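A.B. asks: The lines below spell out each chain.
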Amino acid sequence: DTEVTQTPKHLVMGMTNKKSLKCEQHMGHRAMYWYKQKAKKPPELMFVYSYEKLSINESVPSRFSPECPNSSLLNLHLHALQPEDSALYLCASSQVRDEQFFGPGTRLTVL
Amino acid sequence: SQQGEEDPQALSIQEGENATMNCSYKTSINNLQWYRQNSGRGLVHLILIRSNEREKHSGRLRVTLDTSKKSSSLLITASRAADTASYFCASYAYKLSFGAGTTVTVRA
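Chains as they are written, first to last, in the numbering used here: chain S, 223 to 333; chain L, 3 to 110.
The hints are simulated quantities; they were obtained by calculation from the structure and are not laboratory data. Fair warning: this is a prediction, and the values are worked out from it, not measured in the lab. Every clue listed holds true.
Distance ranges between label pairs, derived from CB positions:
1) Ser281/S - Arg56/L: 34 to 42 Å
2) Gln16/L - Lys240/S: 49 to 57 Å
3) Glu19/L - Ser287/S: 44 to 52 Å
4) Glu19/L - Lys240/S: 46 to 54 Å
5) Thr66/L - Pro305/S: 41 to 49 Å
6) Thr238/S - Lys71/L: 44 to 52 Å
7) Tyr96/L - Ser284/S: 20 to 28 Å
8) Asn40/L - Thr229/S: 19 to 27 Å
For glycine and all other residues, C-beta sits at the position ideal for the given N, C-alpha and C.
Let the sequences and hints guide you as you build the complete structure.
C.D. replies: In structure tokens form, the structure reads like this:
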């Protein structure tokens, strides 16, 4: 299985809602990542988990809360988001330093 | 946290022609990677070149790396309509930092 899956594909939420994005891989990768991508821009790194521990937080606002329950799963909990947080959220996994395998993304719209 | 620049920003070519795009980065790296992204979808890894390598080939792709100039290039030969996509270079130091991307359109 060489696939990274992400759910949901699309998410619309209000500014007072709490929602979660989910990501799963079964390639035995030890690093997992969350990226945010705005239209016509490159992906921007948000968080890195290495061996299930948070190793990089790119000064992301606390309304985004990552969680790595086990080596195959990565969640991103969302709370009190702003309209400017609307974007494509991409999950990726890799062996450390090697090529990253990306999921198809969750298209998030904050109203 | 975008680290590099890419040029051109956009490229339109005829099917069968070659496409070349360039990337520059700012700091010392462990490796440099190229990714393709079709409209609004996930990224697909194309090729990785390590800092001690100068050139690498994979199918119709050729990548060069010049660490003295902190630059890389991606050549796609004999382009096809299916190559229409955005292409990103990404330099890896302790994390992956993406360039701005080149949008390639291959006309049939």
